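Quick note, the sequences are listed as chains A and B, same order. Using my numbering, you'd call the opening residue of the first sequence number 1 and step up by one each time. Using my numbering, you'd call the opening residue of the second sequence number 350 and step up by one each time.
Quick caveat, the hints were computed from the structure, so don't treat them as lab data. Being a predicted model, the structure only gives us computed values, none of them experimental. All C-beta atoms in this analysis are idealised placements derived from N, C-alpha and C, irrespective of residue type, glycine included. Treat the hints loosely; a few may be bogus.
Derived contacts from chain B toward chain A, CB cut-off under 8 angstroms, selection only [stated by the list, open to error]:
1) 385
2) 408
3) 419
4) 451
5) 487
6) 488
7) 685
Far from chain A, some chain B residues (derived; all Cβ distances over 10 angstroms) [unchecked claim]:
8) 424
9) 472
10) 493
11) 510
12) 544
13) 608
14) 617
15) 641
16) 668
17) 671
2 protein chains.
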Amino acid sequence: MIPVEARISVSRFRDAQIDMAHGAGGKASRRLVEGLFAPLLMGANAGPLADAAHININDAQIAITADSFVVHPLRFPGGSIGELAVNGTVNDLAVSGARAKFLLATFVIEAGLPTPILEAEVRAMADAASRAGVAFAGGDTKVVEHGKADGMYITTAGIGVPLPHLSLSPMSVRAGDQVILSGPVGDHGITILLARGDLDFEADLKSDTRSVLPLVEALAHAAGSGVRWMRDPTRGGVATSLNELARDCGMSVHLQEDRIPVRDSVRGACELLGLDPLHIANEGQFLAVVARESAGAALEALREIPGGEDSANIGEIREQPEAAVLGSTSFGGTRIIDMLVGDPLPRIC
Amino acid sequence: MIPVEARISVSRFRDAQIDMAHGAGGKASRRLVEGLFAPLLMGANAGPLADAAHININDAQIAITADSFVVHPLRFPGGSIGELAVNGTVNDLAVSGARAKFLLATFVIEAGLPTPILEAEVRAMADAASRAGVAFAGGDTKVVEHGKADGMYITTAGIGVPLPHLSLSPMSVRAGDQVILSGPVGDHGITILLARGDLDFEADLKSDTRSVLPLVEALAHAAGSGVRWMRDPTRGGVATSLNELARDCGMSVHLQEDRIPVRDSVRGACELLGLDPLHIANEGQFLAVVARESAGAALEALREIPGGEDSANIGEIREQPEAAVLGSTSFGGTRIIDMLVGDPLPRIC
Numbered sequence: 001m002i003p004v005e006a007r008i009s010v011s012r013f014r015d016a017q018i019d020m021a022h023g024a025g026g027k028a029s030r031r032l033v034e035g036l037f038a039p040l041l042m043g044a045n046a047g048p049l050a051d052a053a054h055i056n057i058n059d060a061q062i063a064i065t066a067d068s069f070v071v072h073p074l075r076f077p078g079g080s081i082g083e084l085a086v087n088g089t090v091n092d093l094a095v096s097g098a099r100a101k102f103l104l105a106t107f108v109i110e111a112g113l114p115t116p117i118l119e120a121e122v123r124a125m126a127d128a129a130s131r132a133g134v135a136f137a138g139g140d141t142k143v144v145e146h147g148k149a150d151g152m153y154i155t156t157a158g159i160g161v162p163l164p165h166l167s168l169s170p171m172s173v174r175a176g177d178q179v180i181l182s183g184p185v186g187d188h189g190i191t192i193l194l195a196r197g198d199l200d201f202e203a204d205l206k207s208d209t210r211s212v213l214p215l216v217e218a219l220a221h222a223a224g225s226g227v228r229w230m231r232d233p234t235r236g237g238v239a240t241s242l243n244e245l246a247r248d249c250g251m252s253v254h255l256q257e258d259r260i261p262v263r264d265s266v267r268g269a270c271e272l273l274g275l276d277p278l279h280i281a282n283e284g285q286f287l288a289v290v291a292r293e294s295a296g297a298a299l300e301a302l303r304e305i306p307g308g309e310d311s312a313n314i315g316e317i318r319e320q321p322e323a324a325v326l327g328s329t330s331f332g333g334t335r336i337i338d339m340l341v342g343d344p345l346p347r348i349c
Numbered sequence: 350m351i352p353v354e355a356r357i358s359v360s361r362f363r364d365a366q367i368d369m370a371h372g373a374g375g376k377a378s379r380r381l382v383e384g385l386f387a388p389l390l391m392g393a394n395a396g397p398l399a400d401a402a403h404i405n406i407n408d409a410q411i412a413i414t415a416d417s418f419v420v421h422p423l424r425f426p427g428g429s430i431g432e433l434a435v436n437g438t439v440n441d442l443a444v445s446g447a448r449a450k451f452l453l454a455t456f457v458i459e460a461g462l463p464t465p466i467l468e469a470e471v472r473a474m475a476d477a478a479s480r481a482g483v484a485f486a487g488g489d490t491k492v493v494e495h496g497k498a499d500g501m502y503i504t505t506a507g508i509g510v511p512l513p514h515l516s517l518s519p520m521s522v523r524a525g526d527q528v529i530l531s532g533p534v535g536d537h538g539i540t541i542l543l544a545r546g547d548l549d550f551e552a553d554l555k556s557d558t559r560s561v562l563p564l565v566e567a568l569a570h571a572a573g574s575g576v577r578w579m580r581d582p583t584r585g586g587v588a589t590s591l592n593e594l595a596r597d598c599g600m601s602v603h604l605q606e607d608r609i610p611v612r613d614s615v616r617g618a619c620e621l622l623g624l625d626p627l628h629i630a631n632e633g634q635f636l637a638v639v640a641r642e643s644a645g646a647a648l649e650a651l652r653e654i655p656g657g658e659d660s661a662n663i664g665e666i667r668e669q670p671e672a673a674v675l676g677s678t679s680f681g682g683t684r685i686i687d688m689l690v691g692d693p694l695p696r697i698c
């Protein structure tokens with residue numbers, strides 16, 4: 001056995017301490033994963049720690065994923081931590097091209113939490129699992145002293161089976177491919193912000209948390225192997241997911257910004273705060289890159305599914321410039337859209 | 350779709366709030382799991398949420414488990430939270446009769462945590478995984494404000510393959526079966542207690558954290574289908590695990606207490622604190638119930654494995670009394686050994 005110290009002699013993560021930004025899904029998160037977690041846990045040749053991994057075990061192909069949820073507050077318009085914990089894991093599997101079958105759930109609860117608060121979340125999980133067609137197979141509970149878990153943290157692991165006819169990879173993306181988005185962006189992140197009451201702004205807005213599996217299945221059925229890549233733009237938003245794609249495939253993503261659905265209330269809150277809606281987290285949307293010849297059928301199929309009516313073709317892949325995301329509007333002018341930097345909206349999932 | 354409220358009309362968990370005891374692995378934990386988590390998440394007919402579940406997916410049998418780790422302090426003689434997070438999940442699979450193949454790891458880290466502390470735990474996880482022969486397949490990181498995660502919490506999910514020739518269930522246990530224990534009890538729990546410095550007592554003691562898979566495999570090889578049941582006696586200790594067995598199989602476990610290996614320092618600390626070593630958590634031991642005719646070969650096989658030298662036959666299963674654990678010493682006299690009540694040593698894993 002080779003000791004880890006010999007295998008991995010240098011960690012490339014140079015930040016002296018962990019800050020909120022390392023959990024925000026943007027540049028700092030990527031530094032932490034690629035500079036510390038991936039090289040130490042997955043070896044020198046590892047890519048980034050994937051949200052869902054497809055593995056072969058006992059001659060079967062399965063997909064696995066795990067996420068911890070620390071959203072604050074625990075409940076918010078349109079959802080709660082329990083619902084998020086189920087949908088988030090179902091969605092990580094869905095955009096990897098898999099249908100969730102089993103979930104494991106672990107709870108870190110702080111002493112003194114009233115039972116009705118816990119019970120509400122367990123019921124929310126059961127309901128979300130029922131809607132997503134997934135079964136709980138086990139779990140674990142730990143209790144820590146009052147104040148040391150902000151109510152509760154929930155971790156879910158998901159085990160799923162690959163959907164047929166899909167082979168997703170940034171390496172499959174080609175110039176001319178179209179970028180499809182399943183619905184309006186930023187609802188979840190801005191809902192959490194408003195639920196905290198820190199902002200003197202009211203809006204009739206709710207989280208978009210839901211299982212995207214029905215939409216993903218409709219897309220896969222309509223476009224089959226024409227689907228190249230999918231991602232759910234949670235922390236860091238659409239801009240961060242597409243920058244990761246651009247970097248991984250070495251091409252550029254050209255967005256027609258006025259085709260990207262954004263609700264007025266989300267746009268208003270973002271203007272007030274100096275944020276870009278494309279950096280705001282979503283919990284019920286996904287991005288897909290689809291071959292040009294499949295894009296029309298894909299969009300049509302998505303729009304026929306309840307909840308997919310606002311799906312839009314928001315742009316395309318081009319050879320140049322390398323590894324960038326660009327946005328144009330119908331007024332003309334093009335801007336570079338970067339990944340999220342810092343953590344303007346902490347603990348949104 | 351039937352709403353959960355209709356399916357499960359009554360939660361049987363009556364405690365008004367969550368307390369430390371609900372995370373201790375004893376009676377209160379069992380109430381929480383059986384009265385709230387299991388009926389809501391797994392349906393009215395569910396048994397307790399198992400530590401590891403064996404499921405069929407894509408025509409393959411696999412075993413899955415997940416645990417959160419909140420041990421305090423993060424490092425202690427003989428181990429650390431990272432090592433525990435790997436070994437604990439490998440062991441949950443092992444005693445379910447499965448060999449861990451893949452792990453997922455999620456981190457909840459508090460802002461301000463010095464990077465070297467995180468890096469040390471990630472390295473500890475990599476080392477433990479290497480020793481246990483298991484690979485990391487993915488993960489997730491969340492960051493919460495300073496003070497809200499006591500350094501860090503780690504959750505690991507494990508996916509494994511069933512070991513051949515094993516069919517484990519409390520229902521398979523028969524009167525006359527023998528109870529085998531892999532080594533001395535209480536080292537882990539007392540080590541954590543001493544590491545906190547709350548106790549004016551010093552001892553040359555370290556956590557027993559390790560993968561028990563080599564021992565489990567040796568036992569399975571020697572006794573095959575003669576192995577009826579296994580469990581790693583973590584929170585709640587040997588007494589709690591055996592009480593759960595007694596309840597589940599409806600028979601009694603008769604222990605010869607002077608055959609149970611307990612180090613002098615563990616016994617001393619327990620006497621000082623008024624605790625029973627059989628209630629103290631272990632992180633590198635397991636219990637097995639083995640058919641009488643296989644017990645000799647099983648014990649011999651275990652003792653030949655490095656780290657199995659102290660394995661002992663500590664008692665047997667009898668028909669009467671129903672659902673109880675009894676302890677006898679060579680001085681005569683028999684006592685009832687109950688499950689852990691309360692949480693005398695919180696956050697030991």
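A quick look at each hint next to the structure:
1. 385: 6 angstroms, holds
2. 408: Holds. Min distance 6 angstroms.
3. 419: Because about 5 angstroms separates residue 419/B from the closest Cβ in chain A, which is inside the 8 angstroms limit, the hint holds.
4. 451: 6 angstroms, holds
5. 487: 5 angstroms, holds
6. 488: 5 angstroms, holds
7. 685: 27 angstroms, violated
8. 424: 17 angstroms, holds
9. 472: 6 angstroms, violated
10. 493: 5 angstroms, violated
11. 510: The claim is violated: residue 510/B sits with its nearest Cβ about 5 angstroms from chain A, within 10 angstroms.
12. 544: 17 angstroms, holds
13. 608: 31 angstroms, holds
14. 617: It holds; residue 617/B is separated from chain A by about 27 angstroms at its closest Cβ, greater than 10 angstroms.
15. 641: 32 angstroms, holds
16. 668: About 31 angstroms separates residue 668/B from the closest Cβ of chain A, which puts it past 10 angstroms; holds.
17. 671: 28 angstroms, holds
In this structure, the hints that do not hold are numbers 7, 9, 10, 11, in rising order.
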